[in-house]
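Asks: Residue numbers (the numbering used here), protein chains in the order written: chain A, 9 to 120; chain B, 272 to 381.
Treat the hints loosely; a few may be bogus.
[What the hints assert, rightly or not] What the simulated footprint calls covered on chain A by chain B, stretch by stretch (three residues with Cβ under 8 Å from a Cβ of chain B suffice, anywhere in the stretch; the number is not a length):
| # | segment |
| --- | --- |
| 1 | 41 to 51 |
| 2 | 62 to 69 |
| 3 | 95 to 106 |
| 4 | 111 to 119 |
Since the hints were derived computationally from the structure, they do not count as laboratory data.
Treat the numbers as computed from the prediction; the structure is a model and nothing was measured.
Heads up, the beta-carbon is just placed ideally off N, CA and C, and yes, glycines get one too.
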Amino acid sequence: KAGVTQTPRYLIKTRGQQVTLSCSPISGHRSVSWYQQTPGQGLQFLFEYFSETQRNKGNFPGRFSGRQFSNSRSEMNVSTLELGDSALYLCASSLGQGLEAFFGQGTRLTVV
Amino acid sequence: QKEVEQDPGPLSVPEGAIVSLNCTYSNSAFQYFMWYRQYSRKGPELLMYTYSSGNKEDGRFTAQVDKSSKYISLFIRDSQPSDSATYLCASTGTASKLTFGTGTRLQVTL
């Protein structure tokens, strides 16, 4: 059974640009969550989608947005990139709330 | 105060030792508890998942949750060099949002 797949694995962007990250969950999983991991702040929750609806949102500015498609695949977008957005962005999928969450390998974003 | 507190380490132990990793949490609504292992430059890998208080064992790993003291533990028996990684505890209530500890870096030496 394939795990959570995130693409691309690495990205380098310039300040002010925007970026889109993609996540394909485990087959049958309808919940997809996104997290930002940095050395200083650790893993922080960005948002969660279930059946194409955002169900939860963390404390991040509106520059961070996401969406989920009918096949449960999800995308995350960051607009007007800042140097502080450099991080490992992780996607997790699960069958539902409170159930086991499985992470992808992440997308490492570097903003220069 | 963070909702989940975890000693960042690093923790260094000799091969074969029993490792004890701990977290405390403050949110009484938390009822699902997970331990993840993360190798450098990789995504977190789910090791243990428990609901409410009690113990759960899987091979060399045992997870304990004590909701009365809001204490979460992971024990690793017969530790191996391949166990060297960062261990993250995470908790959640009824939502899918996981709240993580900062992670404990473990080094198992030969």
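Asks: Does each hint hold? Answer for all of them.
Replies: Verification of the hints:
1. 41 to 51: holds (count 4)
2. 62 to 69: Per the Cβ count (3), the hint holds.
3. 95 to 106: holds (count 6)
4. 111 to 119: holds (count 5)
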